[in-house]
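*Asks:* Protein chains in written order, with the numbering used here: chain F, 1 to 166; chain H, 1 to 149.
Quick caveat, the hints were computed from the structure, so don't treat them as lab data. Nothing here was measured: the structure is a model prediction, and the numbers come from that model. Just to be clear, a hint being listed does not mean it is correct.
What the hints assert, rightly or not - Simulated pairs of lysine-lysine, DSS-like, Cα-Cα distance not exceeding 30 Å:
1. K40(F) x K125(F)
2. K29(H) x K111(F)
3. K111(F) x K26(F)
4. K111(F) x K120(H)
5. K111(F) x K125(F)
6. K109(H) x K120(H)
7. K2(H) x K33(H)
8. K120(H) x K26(F)
9. K40(F) x K29(H)
10. K40(F) x K26(F)
11. K11(H) x K29(H)
12. K109(H) x K111(F)
13. K10(H) x K120(H)
14. K33(H) x K10(H)
15. K10(H) x K109(H)
Stated by the list, open to error - On the chain F side, residues computed to face chain H include the following (Cβ under 7 Å):
16. L72
17. E86
18. T87
19. E90
20. N93
21. M94
22. G97
23. N98
24. V100
25. T101
26. N104
27. D105
28. V112
29. P114
Claimed, not checked - Simulated coverage check for chain H against chain F, where a stretch passes if three residues somewhere in it have a Cβ under 8 Å from a Cβ of chain F:
30. 69-76
31. 115-124
By construction, the Cβ of each residue, glycine as well, lies at the ideal position given by its N, Cα and C atoms.
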Amino acid sequence: MRMDLIQPFIGSLDSVLAEMMNAPAKIVDLTMEEEGYRRKGTAAVVCFRGQIEGRVILDMEPRAAAQVASFLAGGHVDPGASIVSETVCELANMVIGNAVTQLNDAGFEFKVLPPEVLSQEQCEKAGHASEATILCFETAAGNVHLNIAMHYLYRRSGDETPVAVH
Amino acid sequence: MKQFEALTRKKDSQAVRYLIVDDSVFARKSLAKMVESFGGQIVGEAGDGLTAITEYSRTLPDLVLMDITMPQMEGIEAVERIVQEHPDARVVMVSSVGYQDNILAALQKGARHFVQKPVKADSLYEIIRYVLNDDGVTAAVGAEQETSR
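Model the full assembly from the supplied sequences, consistent with the hints where possible.
*Replies:* Here is the structure:
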């Protein structure tokens with residue numbers, strides 16, 4: 001997968017987590033999705049359509065999700081509280097929205113759909129036209145996983161030839 | 001939480017009335033907390049653009065905080081329809097998606113300003129003060145103060 005497409009997601013997650021958890025996050029693992037994706041904690045999925053199509057899953061281990069929920073709620077939130085999944089959706093919205101902003105400003109035109117809670121344990125493998133990369137960020141409260149599956153249908157504005165996707 | 005000097009309406013010195021529109025309940029609560037720390041009053045909430053239009057007509061708020069990416073009807077279309085019906089409506093877009101085309105579209109449809117998520121209370125306060133002062137709606141306010149809640 002092209003790094004210029006992934007980099008905005010890394011930068012965005014890094015800065016949003018740093019703000020919400022008051023601590024830096026570092027990437028400890030990067031893998032390509034070989035099989036379907038197995039959810040690790042509380043997760044939300046955001047899809048996008050346009051010159052780039054695909055989806056991003058933000059998956060947070062329970063303690064990490066609860067810490068962000070506590071920060072946003074302004075008080076202690078237990079890992080099992082229902083507000084945690086709502087928080088992860090909002091966090092996914094922020095992370096992916098910020099990344100998409102950078103990609104749009106770089107000339108890629110696409111639209112983001114509202115985030116949804118990912119309830120299934122095991123997700124199917126991303127479509128064969130989409131490459132999926134899984135990044136694992138380590139934080140003091142647990143790991144955060146970002147599963148990015150996307151393919152681009154056309155070159156960005158100003159480029160000449162459409163790219164065929166098979 | 002940081003407490004800000006209250007923004008009040010010039011005409012009657014009452015609290016500024018807000019309508020908050022976001023499909024995330026969590027985001028609505030978070031924004032509500034912020035505007036309450038500005039001395040504001042939440043008069044309505046909506047989770048999509050269609051509901052926002054009816055809530056606007058029902059509550060006639062001083063200011064709307066409007067998300068962009070929402071189910072059923074997105075924020076930009078909702079702004080357009082609200083402003084068509086209420087030309088004096090003051091809408092501030094609050095979204096994580098802040099690319100130039102999106103901001104431009106929102107402003108062209110009648111939004112007054114744009115705030116990118118994650119929202120910082122200080123920035124939101126300044127923008128609200130700017131938008132409302134622009135129409136002479138709020139009294140000028142002084143320095144912010146720190147208090148614990």
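*Asks:* For every hint, state whether the structure bears it out.
*Replies:* Going through the hints against the structure:
1. K40(F) x K125(F): Since the Cα atoms of K40(F) and K125(F) sit roughly 16 Å apart, the hinted pair holds (cutoff 30 Å).
2. K29(H) x K111(F): holds, 25 Å
3. K111(F) x K26(F): holds, 28 Å
4. K111(F) x K120(H): Status holds; Cα separation ~25 Å.
5. K111(F) x K125(F): holds, 22 Å
6. K109(H) x K120(H): holds, 25 Å
7. K2(H) x K33(H): Since the Cα atoms of K2(H) and K33(H) sit roughly 11 Å apart, the hinted pair holds (cutoff 30 Å).
8. K120(H) x K26(F): holds, 24 Å
9. K40(F) x K29(H): holds, 27 Å
10. K40(F) x K26(F): Holds: K40(F) and K26(F) sit about 18 Å apart, inside 30 Å.
11. K11(H) x K29(H): holds, 28 Å
12. K109(H) x K111(F): holds, 18 Å
13. K10(H) x K120(H): holds, 25 Å
14. K33(H) x K10(H): Satisfied, since the Cα-Cα distance of roughly 23 Å is no more than 30 Å.
15. K10(H) x K109(H): It holds: about 27 Å lies between the C-alpha atoms, which stays within 30 Å.
16. L72: holds, 6 Å
17. E86: Result: holds, 4 Å to nearest chain H Cβ.
18. T87: holds, 6 Å
19. E90: Holds. Min distance 5 Å.
20. N93: Holds. Min distance 5 Å.
21. M94: holds, 5 Å
22. G97: Status holds, d = 2 Å.
23. N98: With Cβ-Cβ at 6 Å, under 7 Å, it holds.
24. V100: Holds: closest Cβ of chain H sits about 6 Å from V100(F), inside 7 Å.
25. T101: holds, 5 Å
26. N104: OK, holds: N104(F) within 7 Å of chain H, min 3 Å.
27. D105: holds, 5 Å
28. V112: holds, 5 Å
29. P114: OK, holds: P114(F) within 7 Å of chain H, min 5 Å.
30. 69-76: holds (count 3)
31. 115-124: holds (count 3)
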